[in-house]
Amino acid sequence: MKVKMLSRNPDDYVRETKLDLQRVPRNYDPALHPFEVPREYVRALNATKLERVFAKPFLASLDGHRDGVNCLAKHPKSLSTVLSGACDGEVKIWNLTTRKCTRTIQAHEGFVRGICTRFCGTSFFTVGDDKTVKQWKMDGPGYGEEEEPLHTILGKTVYTGIDHHWKDAAFATCGQQVDIWDEQRTSPVCSMTWGFDSISSVKFNPIETFLLGSCASDRNIVLYDMRQATPLKKVILDMRTNTICWNPMEAFIFTAANEDYNLYTFDMRALDTPVMVHLDHVSAVLDVDYSPTGKEFVSASFDKSVRIFPVDKSQSREVYHTKRMQHVICVKWTSDSKYIMCGSDEMNIRLWKANASEKLVAEPSPGPYREHLHHKTLERV
Amino acid sequence: MEMVPKPRSHAPAKKDRLRAKRKKPRRYWEQESGASPGPPPKKRSSRPARPRSSQVLRRSRISRKAQVPKPERRKPEQTLSGAQDPFPGPAPAPLEVSRKFRRIDKSKPLPSPKSKTRSRLEAAEAEEEEASVRAARSELLLAEQPGFLEGEDGEDTAKILQADIVEAVDIASAAKHFDLNLRQFGPYRLNYSRTGRHLALGGRRGHVAALDWVTKQLMCEINVMEAVRDIQFLHSEALLAVAQNRWLYIYDNQGIELHCVRRCDRVTRLEFLPFHFLLATASETGFLTYLDVSVGKIVAALNARAGRLSVMAQNPYNAVIHLGHSNGTVSLWSPAVKEPLAKILCHRGGIRAVAVDSTGTYMATSGLDHQLKIFDLRGTYQPLSARTLPQGAGHLAFSQRGLLVAGMGDVVSIWKGPGKASPPSLEQPYLTHRLSGHVHGLQFCPFEDVLGVGHSGGITSMLVPGAAEPNFDGLENNPYRSRKQRQEWEVKALLEKVPAELICLDPRALAEVDVISLEQRKKERIERLGYDPDAKATFQPKLKQKGRSSTASLVKRRRKVLDKEHRDKVRQSLEEQEQQQQQQQQQEKTKPPGTRPSALDRFVPQGDPWGINWCLCLLS
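So the protein sequences, as listed, match chains A and B.
Heads up: the first sequence runs through residues 1 to 381, numbered per full-length UniProt numbering.
Heads up: the second sequence runs through residues 1 to 620, numbered per full-length UniProt numbering.
Only chain A is shown next, with the shape it has when bound in the complex (with noise of 0.2 Å):
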């Protein structure tokens, strides 16, 4: 007769030293892991349990505003400078890590309608109530200097918005049409309009970047070519769009926030039907900003709150609100994808993490010194 028995050298199964790993043979077979589906159900409801037991995303409140918050822009280069216009006409710059501000500036009378910063960061350009449009530098004045801007340009209009081309030295400017000016130029370049009515705001498309698009108070969003210096496409909606955002990964996507409570993501190529309606919010949605990976976005409303919805689902995974929170008004993603930042009409920017239950700084480690400084008030020694 044949035969051979199982059996297990267990040399080969058992670690030789404590100090080697244990040894772990793995066999996939399924036969072996019964019950797959509900035990991986099981995880997935913990692990969403826990989720939201370590959700804790508010990090700071900036202070300091004398009146609402109206617009918010980020630097380019540094991701802890941001910008932020109020509606007294003041401009504070803010340092992120030591969240305090570095600068404030009486840029306007009457509201700072729109903030937008050079793409090299060396400067800044704010619009007002006061149809100035005015560059400042982003350095501070040096000592014995004033506080002046860069350049001022005179308007005949109220400009209501502005955003600087991603590449060129042009900027565009909002208002009864949109300019598209030169910096070298007092007077625009182009102006571009379809239809009587004003446009709230214009975006530069950061991929393609001679397109812009624009929100105007007939219910409209029109997309222009800066080229051709004419308007492209148009779509009316039911309702007004406040604001619109390129998406920085997908040249042709943006994404509209509307006075109807709804967002709408477009795709510039085919405007009939909006690729996705995000529909959670239950007042105005006043602001809408990217994710630099081009797969979230982040909204403000004006039912005081901030919610973060997934590109392509209609329902939003994260809403942050505070009792001390009202209307907010502009919000902004920050660069590295890990902040949102929101200011409100209660004049204060709020920072809140962009993972409500991820762990941003890593817990330090007691290096051979700090081992023995285990008392608490030792430990900041």
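Be aware that one or more of the hints could be misleading.
If you only want the chain A side, here are some residues facing chain B, beta carbon under 7 Å, derived [unchecked claim]:
#, residue
1, 7
2, 34
3, 37
4, 180
Derived by calculation from the structure, the hints in this document are not laboratory data.
Owing to the predicted nature of the structure, the values given are computational and were not obtained by experimental measurement.
Here a beta-carbon is modelled for each residue, glycine too, at the ideal position from N, C-alpha and C.
Add chain B to chain A, keeping to what the hints say.
Below, chain B alone, put in the same frame as chain A:
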């Protein structure tokens, strides 16, 4: 740098044909005759042939599409040392093995072509195919081979004695065969722990012991001073459940009594559901009780309504408990449902033993009618094969690789199937053994080729080559785990504990696409909002001036509207009833399908489309 021409296994491109004219320099590892290691150049491997680069170029010219220049990938044969891969291409993946890893049931139809779900399901199916091929390829890494026993020249393996096997086998395996002669404390029942390292034995007269049978180290040995009817390890070797004469007791593996569960009285059989942490007990009072050992609560106490329960088996695939009854039926129970999930009529007399194999495909039952039958559990519940035994089998058990053992009196017979996935063929037994007492308990040891038999003379550990799964998964049950690994595994198992409500006949039921009905959606909406937004608000009469809003007139107005609504409702329901009646009449009047059309059909009365009958009545 001079490039050395290599013999290629696929059709050479034009560039290589030029290069092949140069002679290859001989390397030191090649023999004097000049034979090089590796396959001869013309041999075609089993993998799909790579497209020739020249062919690709020609195609692109015809189609005139803009070709995105692909990055030049370094060909695997061009290594700096000049060594060749003797087995080029990916490892072979046998098709039958990859079928084992497929989980999606392709017989279910996909939803409508336009829905997003369909595209997602199709993508999931394609991914699963690829993953199953890769998993099949990874089977090459499994280290152990299963055991086997083959007779030479038509020798009947059933006649081979255990002593012969012990002589023929290596020392370590020979040590796995032992007999414990324990005649003093009555017939023994035994249970192996989930990893197969530890053995618990319980004698009828109160002897309870737990030991590591591989190293023969005794963990504890006590006498509980009461009759012991069944014994079972809980999730690990740390805890034992003993069904004593009156109640259920839980002991530590050091023999310390931890719990006395008085709600489970006169228990005859115990089964532990490892992934749900449930201990199922069948009692003489006819109750099947589920005890959650992680929280210590009785999850369900089901009245089986069939008298004394003494035959119980667990289906390891879906955690359903099979109970055998004296009227020849086997009923299937889940703690979530008060009634049995299914009842199968198996035998003419009472059921004596039930066993289910580890994949949940086959159920073996034996009855008082001396029959041993194997049923198909996935699908038809029909008997696949049957065999008459000279003496009825009182105990049955399946091994991990599908071997079936039956204990008939003091003889134990083992049947084997042709492969791992097919049922055991009951024609000829694979092995038999005679014991020194009548069999009272049978279990195959999980990852060893060993069968443990508890009988009236003690415990015997038999060698059964080919019974066990040779390659275990270290993260599920690892017989060589250390204390730290056991602790980690226990915590993870508790975190993944499946709730008892999810036990049903198909464990993959949660993975189905949830098609929620409209009524269910409405109900959920009402629950969420607190009221029904679609319900019509009750009529509130408008308050009028000049005395028209007195109580009496308000009541009158309200009554008027309610009466009108009631009349409308009644009229609608009457109309619906009439329509239903008409439909029924029409259905009755349609001809039966077998009849052929004939010329006289026009005279068959089919209702009254023109009122002809009425006209005839008028005329007459």
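Item checked: Hint numbers contradicted by this structure -> Violated hint (a single one): 4; every other hint is consistent with the structure.
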